[in-house]
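Q: Sequence:
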Amino acid sequence: MSGSNQSQYRPRVSRMSKTALFIVFLIAGALVVAGIVALLTSIFNHKQEGREQFTQVVALDETVVDPAVWGQNFPEQYESYMKTSDPRSGNYFPRTPTADDPREWLSYDNLANDERLVTMWSGYPFSVDYTEPRGHNWMLIDQRYTKRTTQFKQPGYCLNCHVSTPKLFNDLGDGDAEAGWAKMNAMTYDDAYEIAKHNGAVACIDCHDPATTELRVTRPAFEKGIAAYKASQGVSDYDVNRDASTQEMRAYVCAQCHVEYYRSPTDDNLTFPWSKGLTIDDAYNYYQEIDFTDFTHKLTGASIIKAQHPDFETWSNGTHGQAGVTCADCHMAYQSSGAKKVSNHHVTTPMGDVNGTCGTCHKASDDELKARVATIQTRFYQARDVSFDALVDLINDIEKAQTDGTPADRIEAARNYQRKAQFYMDYVESENSHGFHAPEYSLRILNDVTDTARKGQLALSGADVPSTPEPGRANNEAAPLPAGSTPINTSVPSPS
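With full-length UniProt numbering applied, the sequence shown has no gaps in its numbers, which climb one by one up to 496 at the end.
A couple of the hints might just be wrong.
Listed next, the in silico DSSO-like pairs over lysine-lysine satisfying Cα-Cα at most 30 Å (straight line) [claimed, not checked]:
hint : residue 1 : residue 2
1    : Lys197    : Lys183
2    : Lys167    : Lys83
3    : Lys183    : Lys147
4    : Lys306    : Lys197
5    : Lys83     : Lys147
6    : Lys83     : Lys341
7    : Lys306    : Lys224
8    : Lys298    : Lys400
9    : Lys224    : Lys197
10   : Lys306    : Lys340
11   : Lys224    : Lys276
12   : Lys83     : Lys197
13   : Lys147    : Lys167
14   : Lys153    : Lys306
15   : Lys306    : Lys276
16   : Lys183    : Lys224
17   : Lys167    : Lys153
18   : Lys197    : Lys167
19   : Lys306    : Lys147
20   : Lys197    : Lys153
21   : Lys183    : Lys276
22   : Lys153    : Lys298
Per label pair, the in silico range of CB-to-CB distance [to be verified]:
hint : residue 1 : residue 2 : range
23   : Asp101    : Cys361    : 42 to 52 Å
24   : Ala186    : Phe292    : 16 to 26 Å
25   : Ala339    : Val386    : 22 to 32 Å
26   : Phe93     : Asp239    : 40 to 50 Å
27   : Lys147    : Thr360    : 35 to 45 Å
28   : Gly301    : Pro466    : 48 to 58 Å
29   : Ala99     : Thr63     : 30 to 40 Å
30   : Ala231    : Thr360    : 31 to 41 Å
31   : Arg95     : Pro466    : 43 to 53 Å
32   : Ala99     : Gln72     : 33 to 43 Å
33   : Val58     : Tyr381    : 44 to 54 Å
34   : Thr468    : Asp190    : 14 to 24 Å
35   : Ala463    : Leu111    : 28 to 38 Å
Don't read these hints as lab results, they were simulated from the structure. Every residue gets a Cβ at the ideal spot worked out from N, C-alpha and C, and that includes glycine.
Given these sequences and hints, build the entire structure.
A: Okay, structure coming up:
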């Protein structure tokens, strides 16, 4: 019985085990299939997300200047752009608004920190008010309420880089943007501001085509300036919006404003001195040839050129510019948003995200990279102080010489040296990188300041002025000349 019972029992156990195993395998298989389907669905969705640049919520055209409207289609970009209005993200100080100035925050006062700036710009509006720039969202209101515009009469051309211009130029020119640009340039600042203020500060439409979102140049001054520079390099009929690469545009949109420029005395238009090249020597030679002067120095009577903010030109002469690393690569680094790459429109210092900016190329720790930047900028300021002292010494000596019987020809010679030394000093002082955009190039400029200022003192004393070899290629630091090649002579004339 016992054996028979065991014989009958075993098959039933075996059949139950097989059924259970089958069910387990069936469930497991279903889970695997479900997982694969979910994975494929996720991959597909992320690919679609990556392909889709944006979801159109509102229609955009050349009349939409409000970044908040653009932000409905581009929420990530808009959110980061609005960080440019955050007073906590910079060296700002609270103040009590007044009827004459409604601002609740102000930035660092450079004049209070370094009185040599007041001496350098004596007789010019910058000697009255010169603060650190704030974020892009503040650019229009800060210009409107600086003492440079409230206490001095200024031309409308000053608004070129402080207000959103595409719609403004089209409206002023009845559809002809260039005509509208010229019309604004010729106005007084106060009249132009009343027309322009409704367009707000520089925003999305100034750099992006509303129909395609592609980068574009909207400032006629840059279109003309870059065409003149390209012509000097043998490239004729250059149209930046037609001919520039996408990577070039990532620098050119910034270079619409972050450049050296002047107000043409012939037509009042904002003009870039680029027809000879992009070095400081090219700009100085250009101004010498057209005998251009911004103001007469109050203390010395010298004819002075006021430098603006030549960030693009300086970067062009540095190693990053020569390597094709653009403004946006460092100041608008890509960030991940799902499967998309989104540029950070905070437009701020790369030091806020060292890993995402410097770290994409330089494989070192954040602390090491920050230390490298600090070293470059510290050396720049050490050299700056030496050069600035030399310039101020020359200014003080010329001021004194005007009343102590020094011969007029010596004073005039010294004024000419001041003109060059001050332009070179102002050039690196007004540039925003504290030497980083082109370290060796910036130090070379400061050496020229010291050399030229001391020569001015010698000329004032009646001593023989030694000849100093002029520099060759200004961007040797980034592009050393091949062995056996001949340096390009920039032919910088001595101040006279």
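Q: Taking the hints in turn, state whether each one holds.
A: Right, here's what the structure says about each hint:
no.	hint	in the structure
1	Lys197 with Lys183	holds (16 Å)
2	Lys167 with Lys83	holds (24 Å)
3	Lys183 with Lys147	holds (25 Å)
4	Lys306 with Lys197	holds (26 Å)
5	Lys83 with Lys147	holds (26 Å)
6	Lys83 with Lys341	holds (19 Å)
7	Lys306 with Lys224	holds (21 Å)
8	Lys298 with Lys400	holds (13 Å)
9	Lys224 with Lys197	holds (25 Å)
10	Lys306 with Lys340	violated (43 Å)
11	Lys224 with Lys276	holds (13 Å)
12	Lys83 with Lys197	holds (21 Å)
13	Lys147 with Lys167	holds (28 Å)
14	Lys153 with Lys306	holds (17 Å)
15	Lys306 with Lys276	holds (19 Å)
16	Lys183 with Lys224	holds (17 Å)
17	Lys167 with Lys153	holds (25 Å)
18	Lys197 with Lys167	holds (12 Å)
19	Lys306 with Lys147	holds (17 Å)
20	Lys197 with Lys153	holds (18 Å)
21	Lys183 with Lys276	holds (27 Å)
22	Lys153 with Lys298	holds (18 Å)
23	Asp101 with Cys361: 42 to 52 Å	holds (43 Å)
24	Ala186 with Phe292: 16 to 26 Å	holds (18 Å)
25	Ala339 with Val386: 22 to 32 Å	violated (52 Å)
26	Phe93 with Asp239: 40 to 50 Å	holds (45 Å)
27	Lys147 with Thr360: 35 to 45 Å	holds (41 Å)
28	Gly301 with Pro466: 48 to 58 Å	violated (25 Å)
29	Ala99 with Thr63: 30 to 40 Å	holds (33 Å)
30	Ala231 with Thr360: 31 to 41 Å	holds (34 Å)
31	Arg95 with Pro466: 43 to 53 Å	holds (51 Å)
32	Ala99 with Gln72: 33 to 43 Å	holds (35 Å)
33	Val58 with Tyr381: 44 to 54 Å	holds (47 Å)
34	Thr468 with Asp190: 14 to 24 Å	violated (46 Å)
35	Ala463 with Leu111: 28 to 38 Å	holds (34 Å)
In summary, the structure is inconsistent with hints 10, 25, 28, 34 from the numbered list given earlier, while agreeing with the others.
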